[in-house]
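Protein sequences appear in the order of chains P, U, F and B. Start counting the first sequence at 0; every next residue gets the next number (numbering that gives the first Met the number 0). Start counting the second sequence at 0; every next residue gets the next number (numbering that gives the first Met the number 0). Start counting the third sequence at 0; every next residue gets the next number (numbering that gives the first Met the number 0). Start counting the fourth sequence at 0; every next residue gets the next number (numbering that gives the first Met the number 0).
Derived from the structure by calculation, the hints contain no laboratory data. What you were told as hints is all true, and nothing was included just to trick you.
The list treats identical chains as interchangeable, and a pair is accepted whether it falls inside one copy or across any two copies.
Okay, derived cross-link-like pairs now, DSS-like style, lysine-lysine, Cα gap no bigger than 30 Å in a straight line: (1) Lys81 - Lys224; (2) Lys302 - Lys224; (3) Lys309 - Lys1; (4) Lys25 - Lys81; (5) Lys198 - Lys224; (6) Lys58 - Lys309; (7) Lys302 - Lys198; (8) Lys58 - Lys1; (9) Lys198 - Lys214; (10) Lys81 - Lys302; (11) Lys158 - Lys302; (12) Lys224 - Lys214.
Number of protein chains: 4
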Amino acid sequence: MKLYRLQGDNRVDGMALCEEDTPRPKRGQVLVRMRAVSLNYRDLMIAVGRYRLGAEQIKNIVPVSDGAGEVAEIGEDVDRFKVGDRVVNAFVPGLITGQSRPDSLPRLRGAPHDGVLSEYALFEQDDLVTLPPGLSFEDGACMPCAGVTAWNALYCGPKPLLPGQAALVLGTGGVSIFALQLGHAGGAGVIMTSSSDEKLARVQALGAWQGVNYKTHPEWQEEVKRLTAGRGVDVTVENGGPGTLSRSVAATRFGGSVGMIGVLVQGQINPIEVMHQGIILRSILSGSRDMLEDTIRAYDFHKLHPVIDKVFPFAEATAAYHHLEGAAHVGKVVIALD
Amino acid sequence: MKLYRLQGDNRVDGMALCEEDTPRPKRGQVLVRMRAVSLNYRDLMIAVGRYRLGAEQIKNIVPVSDGAGEVAEIGEDVDRFKVGDRVVNAFVPGLITGQSRPDSLPRLRGAPHDGVLSEYALFEQDDLVTLPPGLSFEDGACMPCAGVTAWNALYCGPKPLLPGQAALVLGTGGVSIFALQLGHAGGAGVIMTSSSDEKLARVQALGAWQGVNYKTHPEWQEEVKRLTAGRGVDVTVENGGPGTLSRSVAATRFGGSVGMIGVLVQGQINPIEVMHQGIILRSILSGSRDMLEDTIRAYDFHKLHPVIDKVFPFAEATAAYHHLEGAAHVGKVVIALD
Amino acid sequence: MKLYRLQGDNRVDGMALCEEDTPRPKRGQVLVRMRAVSLNYRDLMIAVGRYRLGAEQIKNIVPVSDGAGEVAEIGEDVDRFKVGDRVVNAFVPGLITGQSRPDSLPRLRGAPHDGVLSEYALFEQDDLVTLPPGLSFEDGACMPCAGVTAWNALYCGPKPLLPGQAALVLGTGGVSIFALQLGHAGGAGVIMTSSSDEKLARVQALGAWQGVNYKTHPEWQEEVKRLTAGRGVDVTVENGGPGTLSRSVAATRFGGSVGMIGVLVQGQINPIEVMHQGIILRSILSGSRDMLEDTIRAYDFHKLHPVIDKVFPFAEATAAYHHLEGAAHVGKVVIALD
Amino acid sequence: MKLYRLQGDNRVDGMALCEEDTPRPKRGQVLVRMRAVSLNYRDLMIAVGRYRLGAEQIKNIVPVSDGAGEVAEIGEDVDRFKVGDRVVNAFVPGLITGQSRPDSLPRLRGAPHDGVLSEYALFEQDDLVTLPPGLSFEDGACMPCAGVTAWNALYCGPKPLLPGQAALVLGTGGVSIFALQLGHAGGAGVIMTSSSDEKLARVQALGAWQGVNYKTHPEWQEEVKRLTAGRGVDVTVENGGPGTLSRSVAATRFGGSVGMIGVLVQGQINPIEVMHQGIILRSILSGSRDMLEDTIRAYDFHKLHPVIDKVFPFAEATAAYHHLEGAAHVGKVVIALD
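Let's have the full structure, built from the sequences with the hints guiding it.
If you want it as structure tokens, here you go:
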């Protein structure tokens with residue numbers, strides 16, 4: 000089989016296309032013929048050496064955490080799947096339900112464990128879910144980290160987003176577009192921010208209730224307050240950049256919650272600002288297999304599809320990384336395998 | 000002012016149209032010129048002597064708990080409203096947030112306290128909420144008990160209904176149509192039951208995902224399971240009649256929740272059936288002022304209106320009761336005051 | 000190795016002591032030299048043919064679900080344990096966290112899967128937890144089903160028992176004594192019921208706040224109300240017999256919760272009674288590995304030990320079953336293996 | 000009656016002892032003969048002009064938010080209390096249940112509204128709770144802000160502290176000693192920090208599980224991790240000073256929660272640190288009347304009393320403020336009225 004391996008040289012272009020024997024599933028394992036994988040910002044950080052792991056831990060790793068494909072072979076005692084089943088892998092291995100656990104990060108695919116940018120990949124049977132017929136492999140490959148992160152941020156905290164409420168989502172990357180689609184599907188008014196009126200027009204076509212251009216409105220939190228009649232949003236999905244967190248808190252209603260997303264939250268925050276608004280700050284470290292099934296069910300029921308900015312062929316995987324690196328995309332970057 | 004008073008004779012037709020002095024608001028109180036009231040099944044039970052209170056406690060009570068109108072006069076220290084504001088009254092006096100409390104039932108309007116079938120009514124200022132311009136007085140009058148009950152059953156338990164999930168709602172009365180509209184607004188698939196295909200066509204036009212005729216399918220819980228691919232619904236709003244609760248439990252997924260609604264739940268239930276499915280049974284005793292505001296916000300945001308079966312003039316209030324008594328209505332019965 | 004197998008003849012005395020080859024752990028599995036097992040009422044029901052499974056499914060099953068021992072051998076890819084570790088098995092295989100799932104019941108040990116009344120038993124590594132030095136194998140063997148059930152009923156619902164609150168626990172069997180010790184450890188006032196003043200004296204020595212003799216007080220729910228100054232208890236652990244559930248509900252405060260325990264809840268319940276008190280009825284189907292660790296931590300921290308009524312040697316396993324069948328025991332019945 | 004009024008000159012010694020007519024309760028109000036009040040750090044901040052309000056809003060305010068006394072007179076329609084009842088006032092007016100709301104801060108006593116450092120004070124009847132016979136007026140006066148803050152931080156978040164778990168509490172001031180007593184009453188292991196071994200000995204006598212001297216251990220978060228076998232505490236009550244929050248987060252277990260307490264949390268925090276541990280940061284703005292009743296019930300049930308560092312007579316109120324200003328106290332500073 001063909002697969003990519005990182006060289007631990009902190010360069011996207013350094014990853015190597017290799018050819019190896021296809022592995023066989025051991026007891027409890029499922030071998031999947033990968034048909035599509037999607038890139039997360041985390042995958043890019045790993046490739047360029049800006050993730051929390053050292054070069055030695057990254058060297059020779061098969062990159063990319065999320066993918067979809069068909070079951071090619073099952074190991075002993077596998078009872079959840081059979082050959083030919085269409086499947087998606089969960090982002091956090093071993094996390095059936097609930098929030099990430101202390102042992103979740105050391106288990107992740109794409110680093111420190113081998114990922115899915117490979118014609119075949121092995122999974123424990125408990126780490127796969129069924130992909131329904133209405134969703135393509137490309138659709139499915141987008142779901143594991145980004146879709147579940149958005150679902151978790153909106154619907155799995157102590158105060159889930161409810162119909163008629165308002166949510167604030169920063170930017171137009173993968174998680175953000177999932178949050179838009181899932182918030183809209185749940186009957187909430189989703190406010191999106193961007194530096195581009197063109198992107199704002201795009202997200203409004205996708206169902207955004209309001210768009211705020213943070214170039215035009217440098218004090219964009221004030222604009223969010225204005226749009227919500229001074230109340231602020233009920234839930235904020237904070238996946239912005241340096242300095243956005245304080246504004247996000249200010250844009251959130253008294254007693255509301257702010258979900259902080261993975262690798263992107265930067266800058267300091269003043270706890271007094273958080274306290275004066277009675278805010279709950281939640282750490283969103285993607286989420287569980289149950290959340291993945293819930294996300295897929297929501298897309299399937301609403302006949303939605305993840306927004307895929309561009310699909311690259313397997314041979315051009317590094318180009319996909321470079322595309323993600325740029326600011327131009329809206330939604331997910333996907334690599335398809337024949 | 001004109002108003003109705005019950006005679007405690009267990010007859011709808013026994014209620015008397017009286018003329019009395021308009022009261023003045025005391026400190027903290029607001030006098031409202033009622034413009035519309037809606038009937039709940041509880042109001043009917045009170046009038047015909049089938050509520051939990053004795054005839055003596057009901058005699059001379061002004062009936063009906065829910066209404067909407069304009070602020071006519073405010074008492075000392077009132078700061079939440081001013082004359083002319085359009086308002087709706089909360090069903091449970093003194094319940095700002097959360098679930099009903101031990102002292103909630105003794106405070107209710109329509110019995111044991113005077114209700115709103117009156118040209119003017121007095122409220123504590125904390126028991127009123129603002130009616131937004133997009134909703135009529137008739138719309139607002141429908142919300143307090145029935146709308147909040149549906150909202151609470153769907154969205155205020157330990158496992159709120161989420162987009163892509165399924166809800167089961169029995170019948171087509173006031174609470175049921177609210178549950179349909181609110182579940183649909185929240186992106187869930189709502190399954191309705193009825194004995195009439197005509198009513199099922201009606202609710203499907205209102206957004207129901209599926210309809211099940213329980214005459215055609217006496218084992219309708221099986222049909223609900225079939226429609227949900229064997230999984231069962233995530234949340235059930237149980238406001239059926241004798242014998243429905245066991246079937247409702249059977250139609251609910253393992254680990255799901257069943258909200259039992261007020262005066263309608265009858266018959267025994269076998270706890271073993273509940274346990275084998277890991278069900279949570281919740282008591283829904285309407286809900287709080289916060290829930291009323293959330294319900295109104297959801298209707299306002301989605302430009303929805305409560306389904307009003309028929310509006311009666313104030314002079315024909317008893318006819319409104321008789322209409323509710325019949326089985327023909329879909330949604331709410333309203334009495335309008337000029 | 001020596002082990003017992005049920006014959007599917009609905010007789011405790013029919014179980015056979017067999018001798019078989021000791022199995023070897025496959026990938027992911029751990030072989031445990033069992034040192035103690037404890038009996039649950041469920042084990043008795045299985046043996047006498049009153050469990051939900053037919054005789055054919057029970058025939059040849061190794062009985063008993065809960066035990067403790069030492070790791071004897073580990074399979075490939077096992078990283079949670081090493082040979083010599085002292086371990087306890089979780090009651091619900093595969094349930095790391097949260098409440099039981101649709102696939103929990105078909106996975107249970109003792110039926111339909113082989114249990115632990117055997118010198119050696121195989122477990123998936125995820126289904127074991129560490130037994131701390133302060134707890135004996137006999138102590139550990141008591142925890143999985145009964146301890147976790149009590150912990151779940153008290154502390155894992157939407158309204159956990161808090162210090163200064165009151166809990167009602169019926170009877171003095173295994174789950175009940177765990178609920179007493181865990182409720183007392185959590186600073187709550189635990190009210191126990193029994194038909195024996197001697198047993199009530201015993202539980203008060205163990206920390207019960209109050210004891211109610213239900214023979215002396217046939218309307219014992221009234222006595223519970225009296226002891227709580229008319230308020231009722233905050234949480235009830237309902238593991239009584241026929242007809243107790245209605246009284247348990249009546250003894251619970253408005254808005255409180257009643258946890259219904261497994262095989263013991265019988266009789267019908269009138270939902271109107273539940274509703275008028277705003278009660279939440281929870282199904283307690285034991286619980287997760289996390290709950291087992293929490294239970295063990297609480298015992299370890301408080302230097303508590305499960306109350307063991309009597310320990311039987313492996314050779315007298317059937318006598319242990321008969322002892323459980325009688326009404327005389329307080330706490331758990333244990334079978335020790337050398 | 001005699002009472003104190005602030006002069007808005009940012010000096011403790013500037014407050015004036017005045018003599019005014021005793022007010023009469025209006026409809027819904029209760030006049031209380033104050034018998035004891037307690038000082039919170041917030042009262043000191045108000046007096047010295049370091050609270051969020053300007054001097055003009057503070058000028059002429061009766062200081063101090065929390066007190067206890069006897070009902071002297073009741074207004075029209077008061078049904079919760081009668082003359083002679085022993086009562087404590089809730090800290091947040093109008094907050095019956097749940098967390099603080101947007102309108103909570105503008106309602107507070109001691110600023111911007113008149114407080115209780117007065118022989119008589121007026122309250123809405125809904126803002127008082129009963130003081131049980133086992134607690135003195137001094138005890139009761141300590142509860143409203145500090146006791147409720149501790150109760151809320153430990154027991155009212157999405158993950159309440161459970162028996163056998165560990166809590167971290169910073170310092171030995173009013174809230175901290177409440178958190179110690181309430182955490183200990185709930186069966187948790189409470190770890191306290193202080194710069195004084197003498198104070199640590201004192202808190203261990205009060206039930207602290209462990210004490211950490213942060214002078215001796217400047218990296219005290221490491222010591223907390225060590226004491227919890229590397230796991231970290233389940234709940235942290237963060238009422239430290241500049242720079243403690245990052246260490247508190249580091250001392251908390253993966254997935255645990257940190258309650259940030261009112262006026263004391265200072266310094267910046269890096270959200271990445273919070274996220275990598277999956278922490279929930281909660282804003283604790285004291286809490287509700289229900290929480291006050293729960294706190295009082297816990298103290299009453301466990302025959303506990305708040306730790307009162309020193310009681311000053313009414314005439315020496317300013318000395319009480321100066322005592323609070325110093326670092327020497329453990330627990331609460333109280334002013335008694337004859």
